[in-house]
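Residue numbers (the numbering used here), protein chains in the order written: chain A, 1 to 140; chain B, 1 to 487.
Read the hints as simulated data drawn from the structure, not as lab findings. All values derive from a computational prediction rather than experimental measurement. Among the clues, some could well be false.
Cut-off 35 Å, straight-line C-alpha distance, at most; resulting in silico cross-link-like pairs (DSBU-like, lysine-lysine) [as the list claims (entries may be wrong)]:
| # | chain 1 | residue 1 | chain 2 | residue 2 |
| --- | --- | --- | --- | --- |
| 1 | B | K424 | A | K124 |
| 2 | A | K6 | B | K261 |
| 3 | A | K129 | B | K424 |
| 4 | B | K411 | A | K70 |
| 5 | B | K289 | A | K3 |
| 6 | A | K79 | B | K439 |
| 7 | A | K124 | B | K439 |
| 8 | A | K129 | B | K439 |
| 9 | A | K48 | B | K294 |
| 10 | B | K289 | A | K6 |
| 11 | A | K79 | A | K48 |
| 12 | A | K6 | B | K294 |
| 13 | B | K289 | A | K79 |
| 14 | B | K294 | A | K3 |
| 15 | B | K294 | A | K70 |
| 16 | A | K48 | B | K289 |
| 17 | A | K129 | B | K289 |
| 18 | A | K70 | B | K439 |
Beta-carbon label-pair distances, calculated as ranges [as the list claims (entries may be wrong)]:
| # | chain 1 | residue 1 | chain 2 | residue 2 | range |
| --- | --- | --- | --- | --- | --- |
| 19 | B | A341 | A | R36 | 41 to 49 Å |
| 20 | B | P297 | A | M66 | 32 to 40 Å |
| 21 | B | K439 | A | G25 | 27 to 35 Å |
| 22 | A | E46 | B | P262 | 25 to 33 Å |
| 23 | B | E468 | A | D74 | 25 to 33 Å |
| 24 | A | G25 | B | I316 | 30 to 38 Å |
The C-beta atom is built at its ideal place from N, Cα and C for all residues, glycine as well.
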Amino acid sequence: MAKSPKILFVDDDRDFLSAQTAFFGSHGFEVVTVDRVDGALERISEEKPEIIVLDLMMEHYDSGFMLSRKIRQDPAMAKVPILMLSGVASATGHKFAAEITALKDWIKLDAFLDKPVTGRQLLKVVEDKLGLSKEAAATG
Amino acid sequence: MPTRVLVIDDEYGVRSGIRQILELEGYAVEVAENGRQALDLLDTHNFDVALIDYQLPDIDGLTLLSSMRSRKLATSTCMITAYANIDTAIAATRQGVDFFLPKPFSPDDLLGVVETLARHKLLKEEAEKLRKENEANLLALATEKSQTASLVASLHDAVLVINREREVVLANQVMAALLGRSPTELLRMPIDTALAGDGFAGLTGLLSEQDQPEQKVAELAIGDSIFFASVVTFHGTDGAALGRILTLADVTLLRKMAMEKPRFIRTMVHEFRSPLGAIRSLIEVATEKSLGDKLEPYLPYLERADHRIDRLVELIGELLSLSRIDLERTANASEPPTDVATAVAMTVDLYRPKIAARKLDATVLVEANLPRARIGDEDFKTILGNLLGNAIKYCREGGNLLVSAKQSSGKILVEVADSGIGIKSENLPRLFEEFFREKRAETRDIDGNGLGLAIVKRLVERTGGKIEVESTVGVGSVFRVSLAPVS
Numbered sequence: 001m002a003k004s005p006k007i008l009f010v011d012d013d014r015d016f017l018s019a020q021t022a023f024f025g026s027h028g029f030e031v032v033t034v035d036r037v038d039g040a041l042e043r044i045s046e047e048k049p050e051i052i053v054l055d056l057m058m059e060h061y062d063s064g065f066m067l068s069r070k071i072r073q074d075p076a077m078a079k080v081p082i083l084m085l086s087g088v089a090s091a092t093g094h095k096f097a098a099e100i101t102a103l104k105d106w107i108k109l110d111a112f113l114d115k116p117v118t119g120r121q122l123l124k125v126v127e128d129k130l131g132l133s134k135e136a137a138a139t140g
Numbered sequence: 001m002p003t004r005v006l007v008i009d010d011e012y013g014v015r016s017g018i019r020q021i022l023e024l025e026g027y028a029v030e031v032a033e034n035g036r037q038a039l040d041l042l043d044t045h046n047f048d049v050a051l052i053d054y055q056l057p058d059i060d061g062l063t064l065l066s067s068m069r070s071r072k073l074a075t076s077t078c079m080i081t082a083y084a085n086i087d088t089a090i091a092a093t094r095q096g097v098d099f100f101l102p103k104p105f106s107p108d109d110l111l112g113v114v115e116t117l118a119r120h121k122l123l124k125e126e127a128e129k130l131r132k133e134n135e136a137n138l139l140a141l142a143t144e145k146s147q148t149a150s151l152v153a154s155l156h157d158a159v160l161v162i163n164r165e166r167e168v169v170l171a172n173q174v175m176a177a178l179l180g181r182s183p184t185e186l187l188r189m190p191i192d193t194a195l196a197g198d199g200f201a202g203l204t205g206l207l208s209e210q211d212q213p214e215q216k217v218a219e220l221a222i223g224d225s226i227f228f229a230s231v232v233t234f235h236g237t238d239g240a241a242l243g244r245i246l247t248l249a250d251v252t253l254l255r256k257m258a259m260e261k262p263r264f265i266r267t268m269v270h271e272f273r274s275p276l277g278a279i280r281s282l283i284e285v286a287t288e289k290s291l292g293d294k295l296e297p298y299l300p301y302l303e304r305a306d307h308r309i310d311r312l313v314e315l316i317g318e319l320l321s322l323s324r325i326d327l328e329r330t331a332n333a334s335e336p337p338t339d340v341a342t343a344v345a346m347t348v349d350l351y352r353p354k355i356a357a358r359k360l361d362a363t364v365l366v367e368a369n370l371p372r373a374r375i376g377d378e379d380f381k382t383i384l385g386n387l388l389g390n391a392i393k394y395c396r397e398g399g400n401l402l403v404s405a406k407q408s409s410g411k412i413l414v415e416v417a418d419s420g421i422g423i424k425s426e427n428l429p430r431l432f433e434e435f436f437r438e439k440r441a442e443t444r445d446i447d448g449n450g451l452g453l454a455i456v457k458r459l460v461e462r463t464g465g466k467i468e469v470e471s472t473v474g475v476g477s478v479f480r481v482s483l484a485p486v487s
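Put together the whole structure using the sequences plus the hints.
Below, the structure written as structure tokens:
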């Protein structure tokens, strides 16, 4: 039997983290949570997760973006799927949507999801991305 | 009404003869045999025409004329004299006589003269009426002009009028201040000279000669302010353009508010989405049965969800307070002033359980005989409650709190000091912004929505008070509210 995939959440909301730990744990994931940006990068390279879920707005409005960019700069992490969660995307409308397209490209974000997201929605995207990244690894 | 004639002659035959002739023609006639009688009649009756004999027994005709003149009578006068010569004519004319009738005269001569004089009197009256009307019009015009001038001067908007020669013919104080000159200095100044300074290029463009539509509007920046500018061309009765009126309304604040609203809403949406996301995830752990079939393991998750809902309800309450305060920009003046000592004691008592729970040492110092503060009781308690609540939250366990109230330089000073975690100096300017919270390792487990201090600041400022904060990271913070006492 394959080893459980490791999913790493970076979010400053501890309730969200504890709920995801329970939910993804019950779906066969090994869940690692990081509740602050400080030291998150080190934790990520240490843990080597299969997939990362980042909250966009932590200490600063763009903490998530800066962190994902740094993750991408680590060759070992360059291909790990990153899902970005945000509570502001829809509210800001067009302009932000366009920025996200540019940013997705820039930091090679794999998905952008609006909060509040359900665990099921998140699980579906995570499974998709892991499947996709497995295929990409097989063909690459 | 018949024309009224006064006949003044000492000879009975002459007076009654004249009377008969005139009455036959429909005139109303009174007679006087001397100057004294004549003046009495003139003082009590209105006459259109007076026929005056040059020689009277008491006073001569010239003196009578002079008396009539000094009485400013409208009566037309005719001198009857048997000694007509140039000298008497000149003297009588100097006294304002209107006509001469030399004796002897025929009834037709008499009637012709009286008729002419009656018409003369009517014309004089008409002329006087016109003069008075004209005077009244001029007065009204002057009043209107001064009203317009006061109106323009009192306008909040800047106003400038230029004539066809593009010279300034009117500028109010606001406009003059904007252009850095005095209103009188601007008079007759070519507009291009008046707008030569930096930052007025937009105005020069608006007032350019090239196109002169009826009205032109634009929004432009002058210095740090944004103005809504309007130029109206005004015309004379012949339709030719006489000049242009420029008005500038300062819309800086409006623009700023328009920009702030979306930002506020964006932040608010985030403040709702984050907890909703957490609540949904917490509940989902149970609905997805992630922890097996027993209920027990889910309780901590559901309790956390419940807690987050409480915080959301609190947030909604504070948003409502904020909008209510914004609606009532000025405090209700009819609210009775607050007895500070009582209000402080009541508020502190309300927080005793929280103070005890965190094992804080709280001291309350209220100066004796404080005057009442010019603020509503509820507002005062909301302010102090928020400050005290923050002090308790951000104090480390076992720390110290000091709530004090005293009089200082004519104000009532209320202070809340704590020995808590403090605030970074770079965050102090943003502390009273809506939703602002310092994100630090020490603050992450402290509940709060960043609206409390925004509410406090608005409540303090709408009574004319002030709030200040001093803080050192790791040492503590002091919030100082100064309120006006009731004199």
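Status of each hint after checking the structure:
1. B:K424 / A:K124: 42 Å, violated
2. A:K6 / B:K261: 42 Å, violated
3. A:K129 / B:K424: Given pair K129 of chain A, K424 of chain B is violated - Cα atoms ~41 Å apart, limit 35 Å.
4. B:K411 / A:K70: 54 Å, violated
5. B:K289 / A:K3: Judged against 35 Å, a Cα distance of about 23 Å means the pair holds.
6. A:K79 / B:K439: At roughly 31 Å apart (the allowed maximum being 35 Å), K439 of chain B and K79 of chain A satisfy the hint.
7. A:K124 / B:K439: 32 Å, holds
8. A:K129 / B:K439: 32 Å, holds
9. A:K48 / B:K294: 34 Å, holds
10. B:K289 / A:K6: Holds, at roughly 21 Å.
11. A:K79 / A:K48: Holds, at about 11 Å.
12. A:K6 / B:K294: Distance of about 26 Å is within 35 Å: holds.
13. B:K289 / A:K79: Answer holds: K289 of chain B to K79 of chain A is near 33 Å, not above 35 Å.
14. B:K294 / A:K3: 27 Å, holds
15. B:K294 / A:K70: Between K294 of chain B and K70 of chain A the Cα gap is close to 42 Å, so the pair fails against 35 Å, i.e. violated.
16. A:K48 / B:K289: 28 Å, holds
17. A:K129 / B:K289: 24 Å, holds
18. A:K70 / B:K439: 21 Å, holds
19. B:A341 / A:R36: 41 to 49 Å: 44 Å, holds
20. B:P297 / A:M66: 32 to 40 Å: With Cβ atoms ~37 Å apart, the hint holds.
21. B:K439 / A:G25: 27 to 35 Å: Hint holds: Cβ distance 28 Å, inside 27 to 35 Å.
22. A:E46 / B:P262: 25 to 33 Å: 41 Å, violated
23. B:E468 / A:D74: 25 to 33 Å: Roughly 47 Å apart at Cβ, these two residues miss the hinted range, so it is violated.
24. A:G25 / B:I316: 30 to 38 Å: 33 Å, holds
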